[in-house]
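First to last, the sequence lines map onto chains A and B.
Everything in the first sequence is counted per our numbering, starting at 1 for the first residue and increasing by one.
Everything in the second sequence is counted per our numbering, starting at 159 for the first residue and increasing by one.
Be a bit skeptical, because a hint or two may be false.
Straight-line Cα separation of at most 30 angstroms, DSBU-like style, residue types lysine-lysine; simulated pairs [claimed, not checked]:
| no. | chain 1 | residue 1 | chain 2 | residue 2 |
| --- | --- | --- | --- | --- |
| 1 | B | K602 | A | K58 |
| 2 | A | K124 | B | K180 |
| 3 | B | K248 | A | K124 |
| 4 | B | K180 | B | K167 |
| 5 | B | K180 | A | K10 |
Derived from the structure by calculation, the hints contain no laboratory data.
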Amino acid sequence: MTTMHEITLKVNGADYACEVEGRLTLADFLRHQINLTGTHLGCEHGVCGACTVLVNGKTARGCLMLAVQADEAEITTVEGLAVNGELNDLQQAFMEHHALQCGFCTPGMLMTLTELLEENPHPKEQDVREAISGNICRCTGYQGIVAAALAVAEQRDC
Amino acid sequence: MSSFGSSAKRVEDPVLLRGEGKFTDDIHLPGLLTAAMLRSPYAHARIKSIDTSTALELDGVHLILKNADLALEYTTTELPLMVPNPLITKPVTPHMLAKDYVRYVGEPIALIVAEDRYIAEDALERVIVDYEPLPVAGDFREAVKRNAATAHHEIEDNVCAEFVQAFGNVDEVFANAPHIYKNTFFQHRGAAHPLETRAMMATYDELSDHLTFYAASQSPHRVREIYAKLRGIDDNQVRVVVPDIGGGFGAKGQTYPEYFSVAAAARLLRRPVKYMEDRRENFTATHHERDQLWTAEIAFNDDGKLLGFRGTLLHDSGAYVPWGIITPYIAASTVPGPYLLPAYEMKVTCVLTNKVAVTPVRGAGRPQAAFTMERMMDTAALELGRDPASLRRQNYIPADQMPYKMGLIFRDGSPITYDSGDYPACHDKAIELSEYDSFKERQKAARSEGRFIGIGIASYVEGTGLGPFEGANIRVAPSGKVTIHYGASAQGQGHQTVFAQIASDQLGVDLADITVIGGDTQGCPYGIGTFASRAIVNAGNAVHQASEAVRQKIIKAASYMMEAAEEDMDLAEGSVFVKGVPKMSRTLGEVAEFVNGKPGFTLPGGIEPGLQELSYFTPKQAAYANGTHLAEVEVDVETGYAKVLRYWSGHDCGKMINPMTVEGQVLGGVAHGLGNALFEWMRYDENAQPVTVNYGEYLLPLASDMPHVQQVHQEIPTPQNPLGVKGAGEGGTIPAIAAIIGAIENALKPFGVRISEAPITPPRLLELIECARKN
Ligand code: FES
Ligand code: FES
Chain A
1 MTTMHEITLK
11 VNGADYACEV
21 EGRLTLADFL
31 RHQINLTGTH
41 LGCEHGVCGA
51 CTVLVNGKTA
61 RGCLMLAVQA
71 DEAEITTVEG
81 LAVNGELNDL
91 QQAFMEHHAL
101 QCGFCTPGML
111 MTLTELLEEN
121 PHPKEQDVRE
131 AISGNICRCT
141 GYQGIVAAAL
151 AVAEQRDC
Chain B
159 MSSFGSSAKR
169 VEDPVLLRGE
179 GKFTDDIHLP
189 GLLTAAMLRS
199 PYAHARIKSI
209 DTSTALELDG
219 VHLILKNADL
229 ALEYTTTELP
239 LMVPNPLITK
249 PVTPHMLAKD
259 YVRYVGEPIA
269 LIVAEDRYIA
279 EDALERVIVD
289 YEPLPVAGDF
299 REAVKRNAAT
309 AHHEIEDNVC
319 AEFVQAFGNV
329 DEVFANAPHI
339 YKNTFFQHRG
349 AAHPLETRAM
359 MATYDELSDH
369 LTFYAASQSP
379 HRVREIYAKL
389 RGIDDNQVRV
399 VVPDIGGGFG
409 AKGQTYPEYF
419 SVAAAARLLR
429 RPVKYMEDRR
439 ENFTATHHER
449 DQLWTAEIAF
459 NDDGKLLGFR
469 GTLLHDSGAY
479 VPWGIITPYI
489 AASTVPGPYL
499 LPAYEMKVTC
509 VLTNKVAVTP
519 VRGAGRPQAA
529 FTMERMMDTA
539 ALELGRDPAS
549 LRRQNYIPAD
559 QMPYKMGLIF
569 RDGSPITYDS
579 GDYPACHDKA
589 IELSEYDSFK
599 ERQKAARSEG
609 RFIGIGIASY
619 VEGTGLGPFE
629 GANIRVAPSG
639 KVTIHYGASA
649 QGQGHQTVFA
659 QIASDQLGVD
669 LADITVIGGD
679 TQGCPYGIGT
689 FASRAIVNAG
699 NAVHQASEAV
709 RQKIIKAASY
719 MMEAAEEDMD
729 LAEGSVFVKG
739 VPKMSRTLGE
749 VAEFVNGKPG
759 FTLPGGIEPG
769 LQELSYFTPK
779 QAAYANGTHL
789 AEVEVDVETG
799 YAKVLRYWSG
809 HDCGKMINPM
819 TVEGQVLGGV
829 AHGLGNALFE
839 WMRYDENAQP
849 VTVNYGEYLL
859 PLASDMPHVQ
869 QVHQEIPTPQ
879 NPLGVKGAGE
889 GGTIPAIAAI
899 IGAIENALKP
909 FGVRISEAPI
919 TPPRLLELIE
929 CARKN
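Bound conformation, chain B alone (with noise of 0.2 angstroms):
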């Protein structure tokens, strides 16, 4: 039976379930030390002198770096801009520990290394900075206006880049269009909150002059590279494995400041060192994705053809661009969506605030996009009095004019061309898993009993699978066992089930056999890493590539062996052999000690050594997912709390590996976005003083606000790759917020009350209902 498409159970879980996992906080290394930052409390500060005399006095404390250490070890302190855009004005990047100026709350200033954390965090106490507090640039709906205070005390406005997506003649569609609405949009996203905070740790062999660094990256390679380029150093010495990962979502992905003054930390003590962020600091010195202002006009005729699309986005960036203008570029990207849309304008404005660098996560600018795209549709079905389920399948780009380009041009500069899918397809399973068409009743008898239910629906199309790419490293042992490195790393997503699914089939081994090892520099030369929905399309496309190799050279080797034609050979149960001969077999482990070859002989017959192979899969363009999702709400009109009842998702990633899996990430993505439309908030004060610092402050959705999520799937695979596989990780937040804030103002529909924000929090949707009582 194949392996590809069944819901095998995940080979990751036994460990976990008992306990043995190991995740960076997990791993004590002999003569560990571990470190605590001294961070800063002012938003933005002069560093006038900062005195750690005391706290070095202290029993236990080993070490305490400043920016002007780190300068002795760096040829720069400064963080390369790891992904530059033209389009950039003001390209600043954070210092590994503070410069002179501090920029956010949060930011790194000192790293104290003691014997545990304890002490550590005492000697934080003791150490003494002078700061000058400077005039703060705080919410950035201010901070965008001229003569505001500046997040930076060298530059003269906050702008940091500008830019417009467009295609089609707007101005004359708006010019005559007879339907036009507007409408403004005020979104915030709260932070990744993987359940581990960041963690890293380093040790430094001073024989070797090597340096390993165990880091919960996304991305191990880019911190390899990044390391290896500062330090002036070849990338041969230092290694970065990523252990066990607690969740990434995004947050993970980013080269952090605090990477580098724990590495040096390790090479000047020669002892290995480790930090783990607290909660507190991964509320404040972890990215965000935060705040939007977006204003939207839409476009119909009198049919209810959408016409064209319009607006502006307003975007903070906080202090820094280390990841440059991805998110919002991905948002301005997104919002055409699923529609046949024949004139497009968003007005880009990305502005810095003293407030944490915003970078991708889950999801990517993409839900804002949705949320925008997805409300302007509800609006427009309530003015036309349309049903806003068949108003989006009308606009939907039909299946037949696959591949579909959009008319933007992607970051790579090549145009967006939408690959595959069926949307109204799509559309109609999840309308159908939802009973849709019985709604309007159920609403009403709800209504009658005094409760408010309502119904949401929101659509998207997902770029997915983006390059440049990703690599796979297979090998057969002579045990029979094979191993594959990849150079990503997994965070919960079940890469080492799916991927040894992948190679299962090719080889004709069990999955039990198949050893599947990411992140870890020294396994896989090159790799980018795992976000943006990429890891299967890169990664799962190289581990397929490479198996299909090793499988021809098992083939060749045992014709050889067998004296038997390479055509007449197949593969199962750990053997080849030639079909319907089932008496001429070899194990994997014996052909490849057969071609690991005999010392001083030469291999024969053009037979390569080792049954191993290396492959990158470098995808040409983005692999498109897509979906529908539904939810249903009930409001409490009492108390603001809107409840999520029913949840429906129609999802298209192409071909699934493991549907057991991919539900699995539909549904985390779902929770995350449920938690982005009713609660998540990284609330600061006008000084940008963050209030939301623990989780009594900040609410996750928990097992209480989740409803029952029900999945259908179509599965029309991506020309893209050869495995058909488009990505899954983010499509369950896309829509999430759109569909459930959509569902709210639904079942508030009596009230008459419109929402144009996210979150929407009950003290907040109260005041949204007491205000259309009143009128």
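Same shape as in the complex, but just chain A (with noise of 0.2 angstroms):
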């Protein structure tokens, strides 16, 4: 039999106690042990940057991290981004700027650049397309999220 292990965590804001098997990642803990599908898996091997989360506020990948390596942590998900339903300014920027097409990449894209901005609120564009290069997207050619991040920055600014 598999050893289970109790895990404690925030997820979005809200408190998880769940038991999982060692092996079980923290994406697929996400996606199908508590149903917050919106952290996407486009390669499991830690390149395409899909699986992008926020653990205590740094990113991380989903695909590489074990759910139990959580414990006691902070996750924020693309599920806790907008609030009430209403899209934050990022969000938005993504829908102004058509930063998506299939939206695969989206939850990874904005998982980093919520990161980015925190850290540097006032980015270059080089600076933007360094902090997305560990995230892929197939369908846009990247330049309405590099856009959409600039365009954020600048009115985060007023």
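Assemble the dimeric complex from its two separately framed chains, guided by the hints.
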């Protein structure tokens, strides 16, 4: 029998106490155990960035981390960005600048840029491009995503 | 204000941005089981035996299916050839699960169904397969030779189709032309790489003997048809539903073998079964476009007039030809492009190899054709001492020759006729946007700083919007809201928004009150699919026709209801009203309720029941889009890295319904082309073992690789459909490879580097630079 582990964690502000298998990835835990399917899996080997979530405020790859490693952590996923269903400014800017097509990379992009804009509120275009160079998007050519991030930085300044 | 032509924000976005999209793997049905696929580790082998006994003992394993099990479920386990063609001499298609032989690494052998994916993968390792390895047809250039190992043990040689596309008197042209240039091009295109891998889930209802199949498919009706046919059942016993899809780019248009074992498992277990491909499987078992070898000769007169083109194309088909010879056929038909070409001949040979099948990826052979033609144009310009842009411009088909019979016969048997366009004008727009005329100065300044920058140009024509048809089923409910079902499905193109825009103008209804649903075989009885830049032309015009018909029904009923003349009616803001008499108005909801009738009462005045219309649009021929792209690159001659600094697209896809989403399509297409030009390479070793199976080994373009792309549009409507639209899904990719590689060559002119291959990776470019330096 596989051994189960007790973990307690906060996801998007809500408390969870769960039993998980040792080998369960954080991404699979979020997606299939607590049904937060906004975090996507594009490669499951740490390159595409679709599974990016915030763990204690820092980006992490949900596919490379085990659920047990998130014991006692605070996690933010894409579902935690909108407030009462209202898109936040970054999400809004994604819509304005056509920063998504299929939307599969979008959750990871949003989480990566959430961190960037926290750490560097005045990014240059090059900074944005570098920040998201760990996130693959096959649809958009990235231009709308970059424009959205720059627009938010400018807006937040006002 | 008319919605058509405006950059309306996408109605798809809020849900996706909140992480509330419903992709196949996001759907958790009660009792769901998960499957894993046992795949061949050999490129070519005979399966001597499969022992599943230890795997079945594992706790949580429910079922393991092999070919023999499927033979009980289906009339045959061999998949049909989707696009047959008498030219195909070896119409080989795969089995749903391998039958006795495997012919590429990754070929499905057994399906394992378990409580969850983790257990299914544990079980995978416990299945024991005894293989007898067979000789391998690896590189297609070797496989085409006589006495080469064959990709199937029972065939004599690997050539599976040969054909010629030609017009004009080629021999005479080449016997007399004063300037003839030759070259050979190796071209590799990687795979589609949608960020979501292939996804599918089946659930069976025993009571009604009905299967619901969820699939990330670009072509749901095909899946339904083939499933019903192979099970020998009626198509009302199966419904295919397409949830949200994380990109397709051609690869998800195929009816894959995996669909059938997953559906069978759900039926046998009476429980929902899901299968999600992992990324490694996506590399090995989702179809590629891969390798082509072209030879080309181009002929000019002294004044730079193009006289003729001839060549050969060797095409790697992979182990099976499920989609026939579409890709090489399109490639051979695309070479003439936007040019006045008096004589043309392309001899095509398709060869089987022990690699996964080749089927269309965004562009479908056209990028390779454009590369071949445009590289030859560059060579000619260099040799003739002409500017590459002006040499092209001189040879474009002038606008006053439209419609223009290009000379070839298309695969549907009709002569290829470019219906509309003004290639020189579109070219001029792109040239102006790129400040081409001042580039030489920029280049000179850069060189004086020791930097090597170059510019490249490429033009193309693309047949879009091919038939046979697409349908739309539009309904106005008593709530006043509109529902549109259409037959194809969306993978990120923004169909929900764009189709709603089309209906919104006709019906006078806000976008917010229109729901667009694609990819449900129960919503629209027939459909073909979203590929080949065809959805906007086919489904878009079907939506247009159906909403026009519904509009007429509304007017007719309202005229009866209000006792006013039909010609005095107009529709706006969710109501139908008498022009100039604002009080005389009915909401669409009221009209819908009225035409829904009352039990026992006859509908008056020839009014038809229901504000509803199902309409199909059937184009007579393709609508031809075109464009000219320019790229500016800087090459680091020490590392061989070519950075695309700027990029411009001049594009004509006819009328743009939503310019924002058109630009998005072009942008994504350019990024795909950039990947094909610089990075993407699905490598195999000589035994056809794949060696690039993750994103560390296979590079996709990243944000840091992409330049800012500037676009200019020319909107010459096509006469081929009422909306005047042409497809835009692939145009971004088609010329990009040629433009970028042309720019690299231009940057390296001081070294005399010539590039006859794609992609050109940094190590390879460095090799070419070193080689040129030595000479
Ligand atoms: S799924 Fe985690 S990085 Fe790709
Ligand atoms: S929007 Fe499709 S992968 Fe980014």
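*CA of B:K180 to CA of A:K10, is that 30 angstroms or under?*
24 angstroms, holds
*Are the Cα atoms of B:K602 and A:K58 separated by 30 angstroms or less?*
46 angstroms, violated
_Checking one constraint from the list: CA of B:K180 to CA of B:K167, max 30 angstroms. Satisfied?_
20 angstroms, holds
*Pairwise hint evaluation, B:K180 against A:K124, where the allowed Cα distance is 30 angstroms at most*: 34 angstroms, violated
_Pairwise hint evaluation, A:K124 against B:K248, where the allowed Cα distance is 30 angstroms at most_ = Given pair B:K248, A:K124 is violated - Cα atoms ~56 angstroms apart, limit 30 angstroms.
In summary, the structure is inconsistent with hints 1, 2, 3 from the numbered list given earlier, while agreeing with the others.
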